[in-house]
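Engineer: Here is how the chains run, residue by residue.
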Amino acid sequence: MEDLKFKHLLGIKELTKEEIQLIFRTASHFKEILNRPIKKVPSLRDITIANVFFENSTRTKLSFELAEKRLSADVVNFSSVGSSLKKGETLLDTINNILAMKVDMLVIRHASPGAPHFLAKHIDANIINAGDGTHEHPTQALLDTFSINEKFGKVQAKKVAIIGDILHSRVALSNIFALQKLGAQVMVCGPITLLPRHIEQLDVKVELDVRKALEWCDIANVLRIQLERQQIKYFPSLREYSLYYGINKKLLDGLDKEITIMHPGPINRGIEISSDVADSEHSIILNQVENGVAIRMAILYLLAAKQPDYKSEFTKNT
Amino acid sequence: MFFLYLHNLRRMRKRLLFDEPLLKITIHRLCEQLIENHEDFSNSVIIGLQPRGIYLAQRIANHLEKLLKRKPTMGILDTTFYRDDFRRRDKSIEASATTINFAIERKKVILVDDVLFTGRTVRSAMDAMIHFGRPDKIELLVLIDRMYSRDVPVEATYVGRKVNTIESQKVLVELKEQGSKEDKIWLVKKLKSKWKT
Chain A
5 MEDLKFKHLL
15 GIKELTKEEI
25 QLIFRTASHF
35 KEILNRPIKK
45 VPSLRDITIA
55 NVFFENSTRT
65 KLSFELAEKR
75 LSADVVNFSS
85 VGSSLKKGET
95 LLDTINNILA
105 MKVDMLVIRH
115 ASPGAPHFLA
125 KHIDANIINA
135 GDGTHEHPTQ
145 ALLDTFSINE
155 KFGKVQAKKV
165 AIIGDILHSR
175 VALSNIFALQ
185 KLGAQVMVCG
195 PITLLPRHIE
205 QLDVKVELDV
215 RKALEWCDIA
225 NVLRIQLERQ
235 QIKYFPSLRE
245 YSLYYGINKK
255 LLDGLDKEIT
265 IMHPGPINRG
275 IEISSDVADS
285 EHSIILNQVE
295 NGVAIRMAIL
305 YLLAAKQPDY
315 KSEFTKNT
Chain B
2 MFFLYLHNLR
12 RMRKRLLFDE
22 PLLKITIHRL
32 CEQLIENHED
42 FSNSVIIGLQ
52 PRGIYLAQRI
62 ANHLEKLLKR
72 KPTMGILDTT
82 FYRDDFRRRD
92 KSIEASATTI
102 NFAIERKKVI
112 LVDDVLFTGR
122 TVRSAMDAMI
132 HFGRPDKIEL
142 LVLIDRMYSR
152 DVPVEATYVG
162 RKVNTIESQK
172 VLVELKEQGS
182 KEDKIWLVKK
192 LKSKWKT
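Top to bottom, those sequences are chains A and B.
So for the first sequence, the numbering used here puts the first residue at 5; every next one is plus one.
So for the second sequence, the numbering used here puts the first residue at 2; every next one is plus one.
I should point out that these hints are in silico values taken from the structure, not numbers from a laboratory.
There are no misleading hints in this set.
Derived DSSO-like pairs: lysine-lysine, alpha-carbon spacing no greater than 30 Å straight-line: (1) B/Lys72 / A/Lys35; (2) B/Lys191 / B/Lys25; (3) B/Lys191 / B/Lys163; (4) B/Lys92 / A/Lys11; (5) B/Lys92 / A/Lys125; (6) B/Lys191 / A/Lys9; (7) B/Lys109 / A/Lys44; (8) B/Lys92 / A/Lys185; (9) A/Lys65 / A/Lys17; (10) A/Lys9 / B/Lys92; (11) B/Lys92 / A/Lys73; (12) B/Lys109 / A/Lys43; (13) B/Lys92 / A/Lys17; (14) A/Lys65 / A/Lys35; (15) A/Lys209 / A/Lys21; (16) A/Lys106 / B/Lys92; (17) A/Lys73 / A/Lys155; (18) A/Lys209 / A/Lys17; (19) B/Lys92 / B/Lys15; (20) A/Lys35 / B/Lys109; (21) A/Lys35 / B/Lys92; (22) A/Lys216 / A/Lys17; (23) B/Lys92 / A/Lys43; (24) A/Lys158 / B/Lys92; (25) A/Lys43 / B/Lys138; (26) A/Lys185 / A/Lys261; (27) A/Lys73 / A/Lys35; (28) B/Lys25 / B/Lys177; (29) A/Lys35 / B/Lys138.
Cβ-to-Cβ under 7 Å is the rule here; a few derived chain A residues that face chain B: (30) His33; (31) Ile42; (32) Ala309.
Each residue gets a CB set at the ideal place from its N, CA and C atoms; glycine is no exception.
Using the sequences and the accompanying hints, generate a full structural model.
Structural biologist: The structure is reproduced here in structure tokens:
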């Protein structure tokens, strides 16, 4: 088996197509394990993992924690609320203190883009980026593409439209990289104020009209409006956004084809997506969440194999 | 004399353990032995171990079907995530599929693998299997038992052939299912990194 090239998962940008496919293959085996009566394997029983979340999270944190526990790793959780960060400790000091307690792997979410990359230069533990600001969210992109692959049997040549707040979305960037590496066509769609400048240089189509985007695509990945990241007003009101960019049943019924709907969560029902669409049979939102655990198990397993300490001379097999 | 020398040299490098007729006879014998202990297989299941035990398990299941006139229950088990050598090998092993679509609770389980060497795969297989339920009994069937090379106290219940080997040798299994022209199983000298491990 080809191993992963890097000992960290900082972003999709650094991964190759083959590595993504290796992660997919491994994840599909873990998915089978997750459907067993006992959903646990002993692979990482000698590994301690710290989930360090400097930003709020429900799904990602829970999903990582479940993945770690199902691989039998020891898990410690850290969230910035109620921590010594408020007392003025630096990021590197905080992490070094956690590592001093013999932690082997770090899952980190931070509001600053590049925080995991910075840590990767200074510490030995394997780092998994669980979202760094508006930069990347690799595990989300992997589980999104894995879900597409599962539903259609391939990602190659699929047309995927990413609709919503592209400017503040780390999911969008990671998804663009992952989808392009696997050979899909990508379009971004949203109000012009919420599209990053020069995004077309990433070789994606840009569309301002949501109807045209839906007519073009096979899969629509709908993103949330990240109000917490918006210091200024990018559009007049949420009601107006919903009117022009909200995906509802009427809009989808007006198309002459069926579109698969995805959403990385959390959903703001009635704003970017209406309830009847989010709960319809074309939505694979809950499959995404289910696949999230399998994908994260695969990543943890493959990165743990890169742990340097005891590769002894034991090579006998059969 | 020289040809005898050459002949011996070849013998040393590659010794045939099974050819097609012998393999057939052996599988037939193993099946008869299984029937002796499991009668009609109503409460027994066969589980082939990935990656190479599955072909043998399938052949045994097919032959049993001929003898019993009913299909025995068969599954496939992958032990990668249960192995005790994770992070201790030079290269990681890639996982394979597991298909066990039946309950093994209170069943008699026959694990099937091609070669029994250190016994570690079988140990991890028992670990993996217990996660599907508690079987009444676990038995082990192997085609080739490499004697005196066990790392853990595991012995096979049914053996196709016992072979005396040394560490530097390797059993090379060529079955039609794996893309070979005919069924042949060899004992070969392990060349460095030439044979897949």
